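**Student:** Using the hints, build the complex out of the two chains.
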Amino acid sequence: MASAVVTRDAAAGGVAVRRTRRGRYALRGLALLYVGVLVVVPLVVIVGKVAGAGWTQLTDALGSPSAVTAYRLTIEVSLIAIVLNTAFGVGFGLLLTRYRIPGRRLLSAAADLPIAVSPVVAGLALVLVYGPIDGWFGAGLAGAGIRVIYSLPGMVLATTFVSFPLVLREVVPVLDEAGTDMEQASRVLGANSWQQFVRITLPTIRPALTYGVVLSLARSLGEFGAVRVVSGGISGAGQTQTVTLLIDDKYQQLEGGTYQLALLLVAVTVAAIVVASLRRPSPGRPLPRRNDREER
Amino acid sequence: MGERELTRLRAPSAAGLGVSVLWLSLLVLIPLAAVVTKSFAGGWSGFWAAVTTEQAVASLRLTVLSALIITLINAVMGTVLAWVLVRDEFSSKRLVEIVLDIPFALPTIVAGLVLISVYGPTSPVHLDIYGTQKAVAFALLFVTLPFVARAVQPVLMELDVEAEQAAACLGAGPVTTFRRILLPQLLPAVASGAGLGFARAMGEYGSVLLISGGLNRTEVTSLYAYGRIQNYDYVGAAAVSTVLLGLSLAVLLGLDVTQRRGRRRG
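Protein chains in written order, with our numbering: chain Y, 1 to 296; chain U, 1 to 266.
Simulated from the structure, these hints should not be mistaken for laboratory data. All values derive from a computational prediction rather than experimental measurement. By construction, the Cβ of each residue, glycine as well, lies at the ideal position given by its N, Cα and C atoms. One or more hints might be untrue.
Claimed, not checked - Derived DEER-like restraints, expressed as beta-carbon distance ranges:
| # | chain 1 | residue 1 | chain 2 | residue 2 | range |
| --- | --- | --- | --- | --- | --- |
| 1 | U | Leu127 | Y | Val198 | 36 to 42 Å |
| 2 | Y | Ala185 | U | Arg87 | 38 to 44 Å |
| 3 | Y | Leu189 | U | Val175 | 57 to 63 Å |
As the list claims (entries may be wrong) - Which chain U residues face chain Y? A few, computed with CB under 10 Å, are given here:
| # | residue |
| --- | --- |
| 4 | Pro12 |
| 5 | Lys38 |
| 6 | Val64 |
| 7 | Met77 |
| 8 | Leu106 |
| 9 | Val114 |
| 10 | Tyr119 |
Bound conformation, chain U alone (with noise of 0.2 Å):
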C-alpha cells in the first residue's frame, strides 16, 4: 500500500497497538513458541527421538504423503470448478456456489460424520472405505474442496477472453488455449490456493479421526499428537507438533515469496 497518508502513532493509538501485540503474544506467539521449546526440552536429541519413533514416522509420513496427494488433486478440480463457476452457464450455479462452501464451514466433526455414514460401514452405496488411507485422502478432499477453486475464481473473472478467442481463431484447440494462454495467467492462484489447502490437511484432524478408525494404519500426525496429549506425553506431542508447523510455515513461506516475485514481475 505504499507510503501513502499514514498517520503517526500517537499515544492512544500507541496504547491499541501495546494491547493488540499483548494479546497476539498471550493468545497466539507466546504458545507456539511453548510448543517448540517444550520439543527441545530434551535438548536435540530428545527432539530427534521424539519425531523418529516408529509411529511418529509413519504418521508424519502418511500426512505429508496424503496431503501432497490431496493438493494434486484439488489443483485440478479446483480449476476446473473454477473455470466451470465462471466461463459456463447453467441454471444450478449458485446451488453449486453455496454448496462449495459448505467445507469451510461445516464442523470437522460433521463433516467426518457425514462422510462415514456414507463411505463407511452402513455405506448406502456400498463403498466402505472405512479405517483405510483412502478414507483419510477423502476426509481431506472434503475439507479442502473449496479452497483452490476460490483463489482461482477472482483471477479467471478479471481476465480478458480476447486473448483466448486470438488463440481459437489463429487455430489452438481448446487444450492448447488452455495451457497457453490461460494457465500461466491462473497458475499463481492455483498454486495458492492449493498451499493453502495443503497447509490445512496437515492439521486436519476432526473430519479424519472418525472414518480414520482409530487404526494405527491410518493415524495421521495430528491424531498421533493428540495420543500422545492423552499419555501427558506433551514433548512427545509437541515434538511432531513443530515438524508439522514448519512444514506448513515452509509451505506459506514459500508462497509468499513466489507470490511477491511474480507480483514484482507482472
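Okay, chain Y solo, but in the shape it has when bound (with noise of 0.2 Å):
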C-alpha cells in the first residue's frame, strides 16, 4: 500500500465495490427471504394442499350449493358495493378538486377515516345504527318493514364501509395534478357538462379509476370481520353467507373444502393484482400521492 496515491485508491474503490456488491446480495436475499417466507412459502403450501386432495375435491367443494350460494351473494353485496363506491369517489373527487368547497379539508379527511376503522369496529357502529331493535335509524326502519342488519343491506353497507374511500382516494390526486385546463377549453368550445365529462374528465381518470375499482373489488369479495358482525354471525344463515363467511364456518366445522375456497380467492386476488399491475403505468404505487402524470 506503499505506491502511489492512484493505485491505492484504486485498490480502495475496488474493495467498496466489492463490499457493495455484497451488501447488495445479502439485502437482495434477505427481502426474498422475507417474502418468502411471508407470502411465498404459505401460497405454494395451500396450493399443495388443494393439488394433493385431488380433482375431485376441487370440483366438488367449488360446486358445492353452499359454495355457489356464497358467490351469488358475495358477487351481489360486491357489485353494488363497487358501483356505490365509484359514483361516489369520482362525484365527490370532481367536487372536491373543482369546486371551492367549505371545510375541504375536513371533508376528504372524513372521507378517508373507513382505511383506519378495524372491520368489527365498523360492523359494531353499523350496528348501533341501523340494528333493528335499538339502533338509532334500525328501530325506525325495522317499524317500516325494511331490514338492514342481519340481511342484504346490512352487508352491503358493512362492505361499501370498508371499501369507501379506495376509488377517491386514487381518483383525487389525479384530477388534482390535471388541472381544469382542457376541461374549461372544451368548455369554451361548447362542450356541455356530459360531454366535458365524457370527452376529457374521464379519459384522464381511467386509468386510476380502474385500479380503484380493481382494489375495491378485492377488498369487497374479501370482507370478512364486518360482514361477520352485520349477518348475525349465525352458522348455516344460507342467506347471508358469504364466500369469507362460509370458509370461516367450514373451518370452525372441520369439513372439508375450506382450502379449495380459500385457493379460489387467492386465484381471483392475484388476478385482481396481475390486472391492476398492468394497469398501473409505473412499477410502485405510492401511497400518499399518486404522480404518474409528471410530464404534462
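**Tutor:** What follows is the structure in C-alpha cells.
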C-alpha cells in the first residue's frame, strides 16, 4: 500500500465495490427470504394441499350448493358496493378538486376515516345505527318493514364502508394534477357538462379509476370482519353467508373444502393484482400521493 | 392545490355535495358517532369500567404492543424491500412486485387460513406457533407487509444518486452513506407507511382469528370486541372500539401534522 496515491485509491475503490456488491446480494437475499417466508411459502403450501386432495375434491368443494349460494351473494354485495363507491369516489372527487367547498380538508379526511377503522368496529357502528331492535334508525326502519342488519342491505353497507375511500383516493390526486385547462377549453368550445365529463375528465382519470375499482373489488370480495358482525354470525344461515364467511364456517366445523375455496379467492386476488399492475403505468404505487402524470 | 381556478358551487353541484355529505354521514360519520356515544352510555365511569376489565386491558396491551413491534420490523424490512425493488436489478423483480401486493388484496380470513396451514399444528416445516402471541404478530406482519415498502418506493425512485455517489467518493462507506444521505430523505415516507401499517394492525381481525386459537392470551382487541358483540354487551364492545378509534386517529393525525411540517420546511 506504500505505492502511488492513484493505485491506492483504485485498490480502495475495488474493495468498496466488492463490499457494496456483497451488501447488495445480502439485502436482496434478505428481502426475498422475508417475502418468501411470509407470503410465497404459505401460498405454495395451500396449492400443494389442494393438489394433494385431488381434482374431484376441488370440483366438489367449488361446486357445492352452499358455495354457489355464497358466490352469488358475494358478487351481488360486492357489485353494489363497488357501484356505490365508484359513483361517490368520482362525484365527490370532482367536487373536492373542482369547486370551492367549505371545509374541504375536513370532508376529505372524513372520507378517509374508514381506512383506519377496524372491520369489527365498522360492523358494530352499523349495528348500533341500523340494528332492528335499538338502532338509532334501525328501529324506525324495522317498523317500516325494512330490515338492514342481519340481511342483505346491512352486508352491502358493511362492504361499502370498508372499501369506502379506495376509488376516491386514487382519483383525487390525478384530478388535482391534471388541472382544469382541458375542461375549460372544452367548455369554451361548446361542450356541455356531460360531454366534458365523458370526453375529457373520464379519459384522464381512467387508469386511476380502474385501479381504484380493482382495489375495491378485491377488498369487497374478501371482506370478513364487518360482514360477519352485521350478518349476525349465525352459521348455516344460508341467506347471509358470503364466501369468506363460508370458509370460516367450514373451517370451524372441520368440514372439507376450506382450502379449495381459499385457493379460489387467492386466484381471484392474484388475478386482480396482475390486472392492476398491468394498468399501473409505473411500478410501485405511491401510497400518499400518486404522481403518474408528471409530464404534462 | 392552492386557490386556483376553483368554480363556485351552483345549484347542481351544491345538490351533489349535499347528497355526498349525506351519504358520508349515513354510512360513516353517524355510525362512528354511535360507537362513541354508546361507549359513554353509562357515563365516564361506565366507559372506564368497560375498558379496565381484566380481559379488555389484556387485549389492548397485546394489540398495542404487537402493533408497535411489527411496525418496527416493517419500518426496517419495508425500507430494505423498497431499496431492493428500486436500486437492485434481478430477473424475478416483477414477480416480487406482484407478490408484495398480495397481502393488500388477499381476504384476511384466507390469509389466516394460509398462515395456519404452514405455521399451525399440521405445519409441514415443523414450525407450530398456533395459539401464541408470536402467531398474532406473524399474522399482522403478513397483512401489513406492503405498507412501508409501497410508501418508500416512489420517494426512493425520485432521489438522485449523485449525493450518494459524492458521499462514496469522499470515502463514506455504504452504512454511512445510507445513514447520512438516504435515511433522512426517506424517513417521512417510512413514517407514513409505518403509521398506516400500525393503524391497520391495531384493527386487524380476520387474519388473526384462526391462528390465535381463540385463547385469552392471544385475544387482540378486535377479537375481544367481537366477543362482546356476540354477548350483546354493546357498551363493552363500543368502549374498547372507541379506544382503538382514538389510537388510530391519533397516529394518523400525528402523521399528517409531521408530514405537513416536513413539507413546509422542504
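**Student:** All hints are to be evaluated individually against the structure, with a verdict given for each.
**Tutor:** Comparing the hints with the structure gives:
no.	hint	result
1	U:Leu127 - Y:Val198: 36 to 42 Å	violated (55 Å)
2	Y:Ala185 - U:Arg87: 38 to 44 Å	holds (41 Å)
3	Y:Leu189 - U:Val175: 57 to 63 Å	holds (59 Å)
4	Pro12	holds (8 Å)
5	Lys38	holds (5 Å)
6	Val64	violated (13 Å)
7	Met77	holds (5 Å)
8	Leu106	holds (5 Å)
9	Val114	holds (4 Å)
10	Tyr119	holds (8 Å)
In summary, the numbered hints that this structure violates are 1 and 6.
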